[in-house]
Amino acid sequence: MSECILEARDLHYCYPCGKVALSGLNLRINANRKLAVLGANGSGKTTLFLCLNGTYKPTAGSLLLNGQPAGYSRTDLLAWRKQVGLVFQDPDDQIVGGTVIQDIAFGPLNLGNAPAKARQIALATMEQIGIPGFADRPAHELSHGERKIVAMAGILAMKPKVVILDEPTAGLDPVWTARVIELLNAIHQAGTTVVLSTHNMDFAYEWADEAVILSHGTTQCIGPVGEVLTQDEALKHANLQPPLLLLAARSLGLTREGTPIRSRQQLMERLG
Amino acid sequence: MVHLMDCYAYTSRWRHRHPAEKALFAGGLLLLSFFLPLAGLLLILLAVSFVALLGARIPGALYGRVLAIPLVFILIGASSLLVSLSFQSGHLHLGFAPSGILPAITLLARAMAAASCLIFFSLTTPTADWMPQLRKLHVPAVVVDLMMMTYRLLFVFAERLSTLQQAQAARLGTLTLRSRIRTTGLIGATLFIRSLDRAKRIELGMESRCYNDAIPFLPFERKPSIPVLVGIFLLCLAMAGIGFLTKGWPHV
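Chains as they are written, first to last, in the numbering used here: chain E, 1127 to 1398; chain D, 18 to 269.
You may find that some hints are simply not true.
Listed below are the simulated BS3-like cross-link pairs for lysine-lysine, each with C-alpha atoms no more than 30 Å apart in a straight line [stated by the list, open to error]:
(1) D:LYS153 - E:LYS1285
(2) D:LYS240 - D:LYS153
(3) D:LYS217 - D:LYS153
(4) E:LYS1243 - E:LYS1362
(5) E:LYS1362 - E:LYS1160
(6) E:LYS1285 - E:LYS1243
(7) D:LYS240 - E:LYS1243
(8) D:LYS240 - E:LYS1285
(9) E:LYS1285 - D:LYS264
(10) D:LYS153 - E:LYS1183
(11) E:LYS1183 - E:LYS1287
(12) E:LYS1145 - E:LYS1183
(13) E:LYS1285 - E:LYS1160
(14) E:LYS1243 - D:LYS264
(15) E:LYS1183 - E:LYS1285
(16) D:LYS153 - E:LYS1208
(17) E:LYS1160 - E:LYS1287
(18) E:LYS1145 - E:LYS1285
(19) E:LYS1287 - D:LYS240
(20) E:LYS1160 - E:LYS1208
(21) E:LYS1160 - E:LYS1183
(22) E:LYS1183 - E:LYS1208
(23) D:LYS217 - E:LYS1208
(24) E:LYS1208 - E:LYS1243
(25) E:LYS1145 - D:LYS217
(26) E:LYS1287 - E:LYS1243
(27) E:LYS1145 - E:LYS1243
Where chain D lies over chain E, by a calculated footprint (3+ residues, C-beta under 8 Å) [as the list claims (entries may be wrong)]:
(28) 1189-1199
(29) 1215-1226
(30) 1264-1274
(31) 1280-1294
None of these hints come from the bench; they were simulated from the model.
The beta-carbon is built from N, C-alpha and C at its ideal position, and this holds for glycine as well.
My request is simple: use the sequences and hints to build the entire structure.
The structure is reproduced here in structure tokens:
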């Protein structure tokens, strides 16, 4: 059993307008895993994420950070968000700087880095994620895909142990999607725990180690991705569909022998 | 046009000169253009245009187009000095006033000299570069942050607005005057609600990145060059000197 970085216990969240978003959710995020959070629209993914980095305080239930109950004092929140970074779905909700470097340096500066150091961190992060030369570009002139990458860089520059991404590939074309996936794999390789939500079941099936299905504010099913996504009943109950690859493998009779088919490439190879 | 100027500034050849250098040059000469006599004003206009076109290499067409915008207003204003109104023996006389020629030309030169300074600055220094530097001048963080957020969100909302307009037009919401008024109202209301929503989400976004009451200040990459600043200061002094020496020019 690997170390659990972040744990949600019986989490409830109710919006001021009375809408219940989370009702008794349990989730363990294990260190250095790739976790996909799957759920239909309105199943509570975004609310869960906002609870996971302390932005929303759950109405009931508790969050454990490294095994300790998380606190909501200013210093606690600072330490929490330093460890758990959240990338929003809409980059315009997150980008505040006029230029790319101003925005990426925002987090490192908030963490108390000196300006010169923050600039250096921002430049290194841009280099790492493949957008060198973006530093002085104005945020409003970037394309949607570029803005998503910049928003990610803004979080990665804070060097969190856990990165949570709310639909990182939504609205991106295949080229940008591939770049984002490559980037996520690279930061995972470097020892970061990556949690993301997605509607792309094939992507989740191929990419993730573990998956969790959310429905009506609770976890329906959690475990290794190969086990979770093969539970048709749970998927149906959550208004989700099994990955196409799995259906194809099943109908071609390729599920019994050998390793399960998790990517297009594997399917093509098996088909010869 | 404003958007064009904003876009150009980010690609300007002098983008990476420190904003303080450009601000001292433009601001110093702007200040002088408030009270120098005609010769000094022409000199300022000439000097700024020279620096803008040959130094910063702003394309002549762009510089000219931007300068032409205030020119229209100023021409209308200055031309009123050439007209005399008098009331004689019960009749209103409208006449040409030769005594107004020099004041009109001076006014024109003054306004254009001042405008050229501002245009030079805005075409070489993007907003996102100079705004944060206001913190160095001890402008309160709240004011600077508000300016920065306004600037950033201006583009987010402009994008939203044009999408909303296109969507309404696609559903034939702009055919008649009546429907156009109704559509404009709807768009305004939607945009207002979305703005509030956006404000809330941006706050969450900033909190997630450990925002702590003030947007931290990232100084400009380079320091301002002292020789350049001194040079600009001396230039301003020289301009002031020449201006005052030619005070009586031209004799009328």
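Each hint, compared with the structure:
Pair hint D:LYS153 plus E:LYS1285 holds up; C-alpha atoms about 29 Å apart against a cutoff of 30 Å. Of the supplied pair hints, the one linking D:LYS240 and D:LYS153 holds, its CA atoms being roughly 12 Å apart against a limit of 30 Å. A distance of roughly 29 Å separates the Cα atoms of D:LYS217 and D:LYS153; the hinted pair therefore holds under the 30 Å criterion. Proximity of E:LYS1243 to E:LYS1362 is assessed by CA-CA distance (about 50 Å); at most 30 Å being required, the pair is judged violated.
Taking the CA atoms of E:LYS1362 and E:LYS1160, the gap is about 23 Å. The hint holds against a cut of 30 Å. A threshold of 30 Å between alpha carbons decides the hint, and for E:LYS1285 with E:LYS1243 the separation of about 14 Å falls inside it, so the pair holds. For a cut-off of 30 Å, the pair hint linking D:LYS240 to E:LYS1243 stands: about 16 Å separates their Cα positions. Proximity of D:LYS240 to E:LYS1285 is assessed by CA-CA distance (about 28 Å); at most 30 Å being required, the pair is judged to hold.
A threshold of 30 Å between alpha carbons decides the hint, and for E:LYS1285 with D:LYS264 the separation of about 63 Å lies outside it, so the pair is violated. Between the alpha carbons of D:LYS153 and E:LYS1183 the distance comes to roughly 37 Å, so the proposed pair goes past 30 Å and is violated. As the CA atoms of E:LYS1183 and E:LYS1287 are separated by approximately 21 Å, the hinted pair is consistent with the 30 Å bound. Our distance criterion of 30 Å between C-alpha atoms is met by E:LYS1145 and E:LYS1183, whose separation comes to about 15 Å.
Only pairs whose Cα atoms come within 30 Å are accepted, and E:LYS1285 paired with E:LYS1160 is accepted, the gap being roughly 17 Å. Under the criterion of a C-alpha separation no larger than 30 Å, the hint pairing E:LYS1243 with D:LYS264 is inconsistent with the structure, at around 53 Å. For the hint pairing E:LYS1183 with E:LYS1285, the CA-to-CA distance comes to about 23 Å; that is within 30 Å, so the pair holds. At roughly 28 Å between alpha-carbon atoms, D:LYS153 and E:LYS1208 fall within 30 Å of each other, so this suggested pair holds.
Between E:LYS1160 and E:LYS1287 the alpha-carbon distance is near 12 Å, which keeps this suggested pair within the 30 Å criterion. For the proposed pair E:LYS1145 and E:LYS1285, the alpha carbon gap of about 34 Å is over 30 Å, so the pair is violated. Taking the CA atoms of E:LYS1287 and D:LYS240, the gap is about 35 Å. The hint is violated against a cut of 30 Å. Between the alpha carbons of E:LYS1160 and E:LYS1208 the distance comes to roughly 19 Å, so the proposed pair stays at or under 30 Å and holds.
Note on E:LYS1160 and E:LYS1183: the hinted pairing holds, with a Cα-Cα distance of about 25 Å set against a maximum of 30 Å. A C-alpha spacing of about 17 Å is found between E:LYS1183 and E:LYS1208, which places the hinted pair at or below 30 Å, so the restraint holds. For a cut-off of 30 Å, the pair hint linking D:LYS217 to E:LYS1208 stands: about 22 Å separates their Cα positions. Pair hint E:LYS1208 plus E:LYS1243 holds up; C-alpha atoms about 16 Å apart against a cutoff of 30 Å.
Taking the CA atoms of E:LYS1145 and D:LYS217, the gap is near 18 Å; set against the 30 Å cutoff, the hint holds. The suggested pairing of E:LYS1287 with E:LYS1243 holds, with an alpha-carbon distance near 20 Å, which does not exceed 30 Å. The suggested pairing of E:LYS1145 with E:LYS1243 is violated, with an alpha-carbon distance near 43 Å, which exceeds 30 Å. Remark: the segment 1189-1199 of chain E is not confirmed as covered by chain D, as 0 of its residues place a Cβ nearer than 8 Å to a Cβ of that chain, below the required three.
Counting residues of the segment 1215-1226 of chain E whose CB lies closer than 8 Å to any CB of chain D gives 9, so the stated coverage by that chain holds, three being the minimum. Check result for the segment 1264-1274 of chain E against chain D: holds, 4 residues qualifying (beta carbon to beta carbon below 8 Å, three or more required). Residue count for the segment 1280-1294 of chain E with a Cβ under 8 Å from a Cβ of chain D: 3. That meets the three needed, and the coverage hint holds.
Checked against the numbered hints above, the structure violates hints 4, 9, 10, 14, 18, 19, 27 and 28; every other hint is satisfied.
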